Structure formats: C-alpha cells, structure tokens
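Protein chains in written order, with my numbering: chain A, 1 to 551; chain B, 552 to 1102.
Keep in mind that a hint or two might mislead.
Quick partial rundown of chain B residues pointing at chain A, CB under 8 Å, derived from the structure [claimed, not checked]:
no.: 1; residue: Gln677
no.: 2; residue: Thr907
no.: 3; residue: Ile996
no.: 4; residue: Asp998
no.: 5; residue: Val1019
Partial pick of chain B residues on the chain A-facing surface, computed with a CB cut under 8 Å [to be verified]:
no.: 6; residue: Pro556
no.: 7; residue: His872
no.: 8; residue: Gly873
no.: 9; residue: Val904
Quick caveat, the hints were computed from the structure, so don't treat them as lab data.
Because the structure is a prediction, the values reported are computed rather than measured.
Where a beta carbon is used, it is the ideal one built from N, C-alpha and C, also for glycine.
Protein chains: 2
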Amino acid sequence: MSSPPVQVRFFGGLGEIGANMATIEVDGRILVLDTGLTFPDAEHHGIDVILPDWSALRERAGDIEAVVLTHGHEDHLGALPFFLRDFPDVPVYGTSLTNGLAESKLTEHSGVQGEFREVAAGERHQVGPFDLEFLRVTHSIPEGLATALHTPHGTVLHSGDFKLDQTPIDAHPTDLPHFAELGDDGIALLLADSTNADTPGHVPSERTVGKTLRQVFGDAEGRVVVTTFASHIHRVQQVVDAAVGAGRKVCFVGRSMLRIMPIARDLGVLDYDDEDVVQLHEVDRLPPQQVTLVCTGSQGEPFAALSLMAAGRHRQVTLDHGDTVVMASSVIPGNESAIYRTINGLTRRGARVVHTGSADVHVSGHAAADELAFFHNIVRAQAFVPVHGEYRHMVAHADIAADCGVPRDRIFVCENGDSVLLEDGDVRVGQSFDAGRVFVDGLGIGDVGDAVLRDRGAMSEEGVCVAVITVDAHARLVGTPQVVQQGVVSAERAEPLITKAAEELATALRGEEDRGSEPSLLRRQAVETLRRYWREQTGRRPVILPVIVDH
Amino acid sequence: MSSPPVQVRFFGGLGEIGANMATIEVDGRILVLDTGLTFPDAEHHGIDVILPDWSALRERAGDIEAVVLTHGHEDHLGALPFFLRDFPDVPVYGTSLTNGLAESKLTEHSGVQGEFREVAAGERHQVGPFDLEFLRVTHSIPEGLATALHTPHGTVLHSGDFKLDQTPIDAHPTDLPHFAELGDDGIALLLADSTNADTPGHVPSERTVGKTLRQVFGDAEGRVVVTTFASHIHRVQQVVDAAVGAGRKVCFVGRSMLRIMPIARDLGVLDYDDEDVVQLHEVDRLPPQQVTLVCTGSQGEPFAALSLMAAGRHRQVTLDHGDTVVMASSVIPGNESAIYRTINGLTRRGARVVHTGSADVHVSGHAAADELAFFHNIVRAQAFVPVHGEYRHMVAHADIAADCGVPRDRIFVCENGDSVLLEDGDVRVGQSFDAGRVFVDGLGIGDVGDAVLRDRGAMSEEGVCVAVITVDAHARLVGTPQVVQQGVVSAERAEPLITKAAEELATALRGEEDRGSEPSLLRRQAVETLRRYWREQTGRRPVILPVIVDH
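Turn these sequences into a full structure, and let the hints steer you where they fit.
See the structure below:
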C-alpha cells in the first residue's frame, strides 16, 4: 500500500486535561475531532477556561480539512471560537443541534465566524480524503455522534461520549446494529469514551429520572424549582412533561436556559406548547402550585439563578416554605462545596431540596463498566485506545477491552501529546509531540503560565510585602524604607508590624553598606531580612517585592 | 424550682463550621462539650485550621468546670490545645483512648498542659454541679461516648457522633438498652448527630469492609498498600487481620499512623502480634506478596505517604505493576480533586487501585436516616436540637424527629451562636451570642480575618501591581513612577506592559498637579489609572498598591 500511515494525535481529553481534541491525518490532510475546553481547578488561580495547546498544528494550518464536532458539550466544542480565531477557514461538521449550539457560542466572540456544515447520524460523507460515517449514540445531550473513518489502512472508529440507554426519551438508542455491522467489516482501531470505566454496573435509563420527577411533582405543594444542565435537553423535556402533567406552567430562568431552549425547540429536540411556558414576570400572577422554574445553577456557580435564590439575592424569585427544589444533575468533582452551600442556602429559605444524594434525580451520560463490555463485544476492534477520561478511567477501560478479547499488545493507554499510527491494519505508537494546555485569563490567551500561577498561589496563601528602598548614587540607603503589606495580617494589626519591619530592614541594609552594595545585593538583602522578619513575627512567608528608588 | 434554667450554648459544629463545641450551664457553672477544630476550604487562603470563637467564655473563665471530650476526632478535640492556652486550669474528661489522643496533640504545642481525667461508658460521675452519665456509642473511632446530664430541670442527652452498627468489630454496639432506660425516665432535651440525616437507609456494618478486604488480599499478587484514617482503629484492625490472615506482614507508614498505633495498642483497642509488624526498612527484604503497608494519605494530602508514593516521590517505597492500593476511606467533600489525582498517580505507577467508588471498602461512621428513626423511637425525647451537621442535615434530622413523634414546636434547628434554655422540663430558645470562627495562620490566632482573606483572594485571582510614586514637597511627581507586577502577566511579557503602565501613570498624575494634589488624591488617581490600564490591556483587575515616596 503506497499511502502513508494514518496518524491519530491526541491534543486533549486524555488524563487530567478534560478538553477533548484529537486529529486524524490521512494522506497529508488533517481532520480535527472536537475542539473542547475545560474549566479551571482550585490551583488555576484566576483562569477563566483552559484550551488544549494546538500549536503543533500551526505550521500545518493549510492542511486542516475540517473539524468534526461529536456533540454540543463545552468539553467537546467550547474551544471552537478560539480554534477558528487561529484557523479561520476550516469548515465545521456537526448535527443541526451541535452546530446551533456552536454558532451561539461564536456570538460571544466578536469577529469570529464559522462555516458550519450539517451532518446526521446514519449518513456517510466524503470530506477531502476522509470517508466519514456517522453513527447515533445516546448521551446527556441529544444528537451525539460516533464517527467511523474508512481509510485504505483500515477503519478508525471514534465513539464520542456515549451511553447505552436502551429506553432513551427520544426512543433513539445508540445504534448498536450499525456498530455491529462495522464490526463485521472490521474495526482496525477503536477510540472510545472511558469516563465511567471504573464505575461498576450499568447506568439506569434516563426514564428513571422521569419517574422520580413525576413523584416529586405529585408530592409538591408550593413552587417546584428544577435545576439541570441547560444542554441536557432530554432532562429538561422530562421536567416540562412532569410539570405540565401536574398542571403547572414552566418558566426558564438563567442565561444558558434562555439561550439554549429556543435553539432546541426550533430544531425539534425539545417539545412544548406555547401555553405551557411563561415568562418570569408572569410567574407571580400564578398560584405557587402552578409554577415550575427550570433554572441554571446545578453546580453552585456563584451568579447562576439557583445560587442567587439560595443566597436570597435573586431579584425576581424569593423562595419560601413549601417550595421544592430539585437538583436533577450530577455533582462534578471540585464543585461539592459550592453545591452543598447552595443546598444549605435553599434549606435555610425553607425549601425542600431533592438531590442525587437523596433521590434518583440524575443518571450519568456515560456508559459504565458492564455496558462498555457490551460495546467492545459488539465492535470487536482489532486495536483500542481508551479516550475521554482521567488516567484511572483509561486504565480501567483498557482492562475491560482486554477482558473482551482485544489483545493486550494492541491496547494503547495514551496521554495528551501521544500519537498512534495505523498502517495496513496494524497499529503502533507514533512520535509524541508538545501538547499541553493554554490558559485563557481575561483578554489574554496563553500569556499566563505556570510561573504566574505559582506567584498567584503564593500570594493567595501568604500575602505580599512591598519594600520601597530609596538609595543615593552610591547605592546607600536614604532615610527609612517604606514597607507595605497586603494579605499578610489584618489592617488594624499591621501598623506596629510594618513599622518594626521598616526599622529592621533599615538596620540590615545599613549593615551592608560597607560591603559596597549594589541594587541587586540590596534587593536580595531586603528579601532575606523581610522573609526572616515575617516568619519570626507571624510564621508566614509573604511574597517580598523590593523596589529600589534612586534619590 | 429555685435553680436558674439550664442553658445550652452552641459555639460550633452547627451549620458550615464543623468545629464542634457546646456548653451547658447549670447553677452558674459551665461544662464544655468538645473543643473541635475544622479545616480550611478553598476560600480560606493560607489558613491552617479554624477554631470556634469562644471569646464569649472569656469573662466566665473562672466558671468553667470541665471539658468533656466525646471522642478522639479532630473536629471534636482538635482545638483543645488552643482552648487550654486560654483556660489552662480546666480539667478534661474523656475515655483512655480519647485522652491519649488529646495528650499526644498537646505535645505539638509547647507549654500547653492538660489535666486529664478518665471516664468510661456506663459510668456516672458528679463533676461540680454536673451529674454526668456516659453511654457507649459506636463511631469510626473506638470509645465514642454519649453524655447524659441529669439536672433539676430534666435530663439533657448529647449523642456525640454515633452510628448503630449492630455487629461492630469490638462486639460493643451502641448501648441502646441504656438509651431506652434513660428514655423511660424521660429525656427533656436531646442533642443528636445529624451528619447522615439526609442519607436514606442504613449504614452497612464495619464488618462488610472486612469481607471486601479479605477478598482484595486474596486476589492480590504484589504488595498491598492500604490507606485509611489513622484514628479509625477498627478499620486498621481489620486491615491487619486480613493481611496476617493472607500471610503478610504489616508496616505502618506516615506520621499519624506511627503516632496513633502505639497509643491504640497500649490501650488495648488495637491487637496484633509483634512478629506480624515490621519496620519500613525491613520491608524490602520481604517478597512483595508478604508485604502490607498501612499508610496515611486517604484524602490526597500533598505530603502524606500515599500521595508521595503516587507522585513517585516517596523515599523508601516505589510502587510497581502488580501492587494493589486500597483506599479504605471516605471522600471528604472538597478533597475530591486531590484524591483523584492520587488515584491517577497510583494507576500511572502500575498499581491497581480499589476505592469506595469501585468496591465496598468504606462505611460511614454516622447513622443514616432510617437508623436515626430507631434512635429517636428508643430515646423518645421531649425536645430536640439537631447538632453536628450542615444546615441541610439538621433540617433533615428535624424532619426525622418529627416523624418519630417529637412535637414540631419542641424541635429547634439552631445555628452557632444560638442557645436553648431548659426550665422545669420545658425547652425554649435563649439569647444568642457572638459565635463565629477564629483562623489560625502560622503563629497567629485570630489576626487574619475576612478582610485579609478577601485581599488574598483578590491577589490569587488577578495578581498585584505596585506603583512607587516619588513626589516633591508640593506633592508634585518627580521623574517617572516605578511599576512592579507579580502574578498579573508572565515575566517575559511584563516588560513592555510595565513600561507603558508607568508612562500612563506619569501622564495621569501630571494632569492632576494643577488641582493641588495631595498624597491621598495621588494615590486614588494612581489606583484608578492602573486599574483602567490593566483592564484594557489584559482584562484583569490586579490589586493596586500605590506607595508615595517623598523626594
């Protein structure tokens, strides 16, 4: 076979950086699978979002054929506006809903435009040298796609995020017969979602949530407030159905609810009668037992609708005894404290709170371990790379694949920056490349790195102490240095500590003069003196910033 | 009845501050129930530990009769060294294990000593005017106590932390017959643990963990590393038993393991043969299948033994393929990211990791909702205050008590700073007082407050910008200001931004001179100019620190 090997490169989504992005190169052309972003952890001080580092693609800009978006979640399409800023001419393929959500993201980025091309599950498209087939998968957002890429070296199958709900709300389960057919023809390389690979068992059907919702609505006496992810449109559908079934009107509250619901309805993935939905200003005219609010804030985000209600600071909604709040959503790791703070706040207002810890009001969007075994036995891939998950998930998924018969030496647990090559039906590890993460902070993309985060972290723990040292032409101290602190001790206790710090610094710096000080030595001396001083006085290690002023 | 009402005051442990402490006042004398501390959340930048604010007790120092410690957990006794610093002459009552753990804490605080008096479950003691009876409860540490205080106004029962494991490891379940007897005589006021009140069902027995451990040890081929809380001595006992049963030696690793195990063994709550326990330096001589390490780090604490192993930085232990790690511990909210990072690191080293998400290797130490109903029906209290929990837990517990027949108007959901009065068998809400929290940071106790935390938080998100402005005797700018930044942008990109900032600042300050500037106006002008500058240039809002220097 004369064509070069097919190269799969992993830019994000493997390991700790949950911003999904991979590329597949065929005959010198590059297909991008997803352009996701991820959200900062506690150690990412001040960072807004985190992008995969695609700088390895810059010199290949002209070779990028297309972006395929597997579904509409932020960790799969959130980086698209930034990607299109760097590669403005690349067309984007996705379903109508995925494209609709992606386009609505672009409106937040002035000057960035995209050329969107619609595809659908069951279709096959030739995109440049890429022979692409899309398969329907269920997930926690409608219109998820798996992507099969037929190449001269064999077929690569990318699952996207998926689960195997056999009774989904829209009655369109993951298209296992189609997967089986592809398996019959032979899958040379499978890339599949690992998110729940270390969760034993099966994920219950989304319908089980509907049952719980109907019970909650049946029991509720006052208003019912439900929060979930706005993109979880089937969940919203179930809330609307339960509410309407209980004789209630529905009101959508919060920016992303108000942004996404019209798109979903226009595209036919969300269904309700106009008369069943009211605006927020109309809600107060209704008796509480006819009101359902569907709102943002499932993760305790500080300015989301539910968080404001919990804090008693929502301008239009004041919760009260008799109201019921349903948190029909997962607890994303890292958000626990914020979510529990929300629940405590809601409880304090008198609301009854139903959440995943107390009732079956959420199911995961990712297949669990036993379902993944089904999937592997249907696909029967010849080689496998677990994707979409932390390292522990990918290793667990590798074990499942091995249990299902994929040979161990054909299972590759990769990390971002790794690549695999497919040649003549054989898969091997390729060259690795510089992948990583790019921090977005305010207007800056990539101008904050680990050093800045370390500085921010140090100041966040211990505060900062500035010493302004005036010197004469011979670098001799003039007067007493000025010392200023922020975040070391409280303002009311700072005065004597600051005065003493300045005196000790002056003494130390005068002691240095005989040795013919120059500014850099002065600076070092100031840092050492003040470090010692604060440690002795407070046990703290503020960041010391000396500034030398010429008299 | 002539004696004044019994007053119960809540200093901590109710709501968000999990540092348990309450007082009961009888005839002008004060009994302190627990002196716990709590650990900082992400927003408590740089804080080491958080104490309840007991300043309301300061003017009553001479009236404090005793401290009773219900059990040996940090959130019940961790503040004792700080408490004894303020109230050095107060005797401390607890079981032998609780006192042993408390005394070993005191050794970390030089100059603080305590007078410990031993009590045991089943005993009755007259302590000043306090007629105290102690009852055995099971919990995730041995020797938990409930405390019944018999007063002329009725009996107050405080559950301590408890669960109702009917088959505990030491075969000593919570003493329900004794609780029933007290109930027969009448409980005027019950204070009971609410931690799991919104968790449906029952907590499985600690023995179920032993079963899983034996399976894991049976399957393991290489070394087995188990982490749990060092204070969870029954859990450690089960690990030791499973290890020895599988023909392995046990080695304790990590500071708190090495501190607590000898105390526990001396006091007879932990049992093992000398020949079954080895030191870390002896481990390498043993084949892997004969090794069990019991170590600290269950919460992903950065410098704990398991965390170092996960990062490949433990000096004596290098994990490898074939090793098994068991995380036989809960995931404390807020620690998820650190714990998952540990699991990912362990997996990367090749270890198989068994944790609560994948196997039954942990059970809670607190009774769940259905068990609390048992408890209320046995105690039959006339009035009830839920304690030990966040607001949502206390409200859930109030509902359970009401379902079990405690009249709604005799259930009081309190917060820290509230008090209740018991008079003649009747309970009512008393005066509230200033409770709160005291931050310990380095050597300082209480010198860091919310304002300092806000400053630290601001710097952690956006960095800091210092402007040194030299002025003449007329407050006119001399030369160009010096601008220094830390944590706003990376050092390599800072130079041109800083230079331009200084120029813009100079222009702005010169423009002010005509208006007869004085230092405070100059300062304000500098802050405004630099705020605008950084926002326009970077979209960030660093903390601006202007320093005026006289020429």
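Here is how each hint holds up against the structure:
Annotation: B:Gln677 was flagged as interfacial toward chain A, and the flag is violated, the nearest CB pair being 40 Å apart, outside 8 Å. For B:Thr907, the interface hint is violated, since its Cβ never comes within 8 Å of a Cβ in chain A; the closest pair sits about 11 Å apart. Look at B:Ile996: its Cβ only gets to about 11 Å from chain A, farther than 8 Å, so that hint breaks. Here the hint on B:Asp998 is kept, as its CB sits about 5 Å from the closest CB of chain A, short of 8 Å.
A least Cβ separation of about 5 Å between B:Val1019 and chain A falls short of the 8 Å threshold, and the interface hint therefore holds. Look at B:Pro556: its Cβ only gets to about 28 Å from chain A, farther than 8 Å, so that hint breaks. Checking B:His872 against chain A by beta carbon gives a least distance of about 11 Å; that is not within 8 Å, so the hint is violated. Given the 8 Å rule on beta carbons, the hint for B:Gly873 is violated: about 14 Å separates it from the nearest Cβ of chain A.
Look at B:Val904: its Cβ gets to within about 7 Å of chain A, closer than 8 Å, so that hint holds up.
Checked against the numbered hints above, the structure breaks hints 1, 2, 3, 6, 7 and 8 and satisfies the rest.
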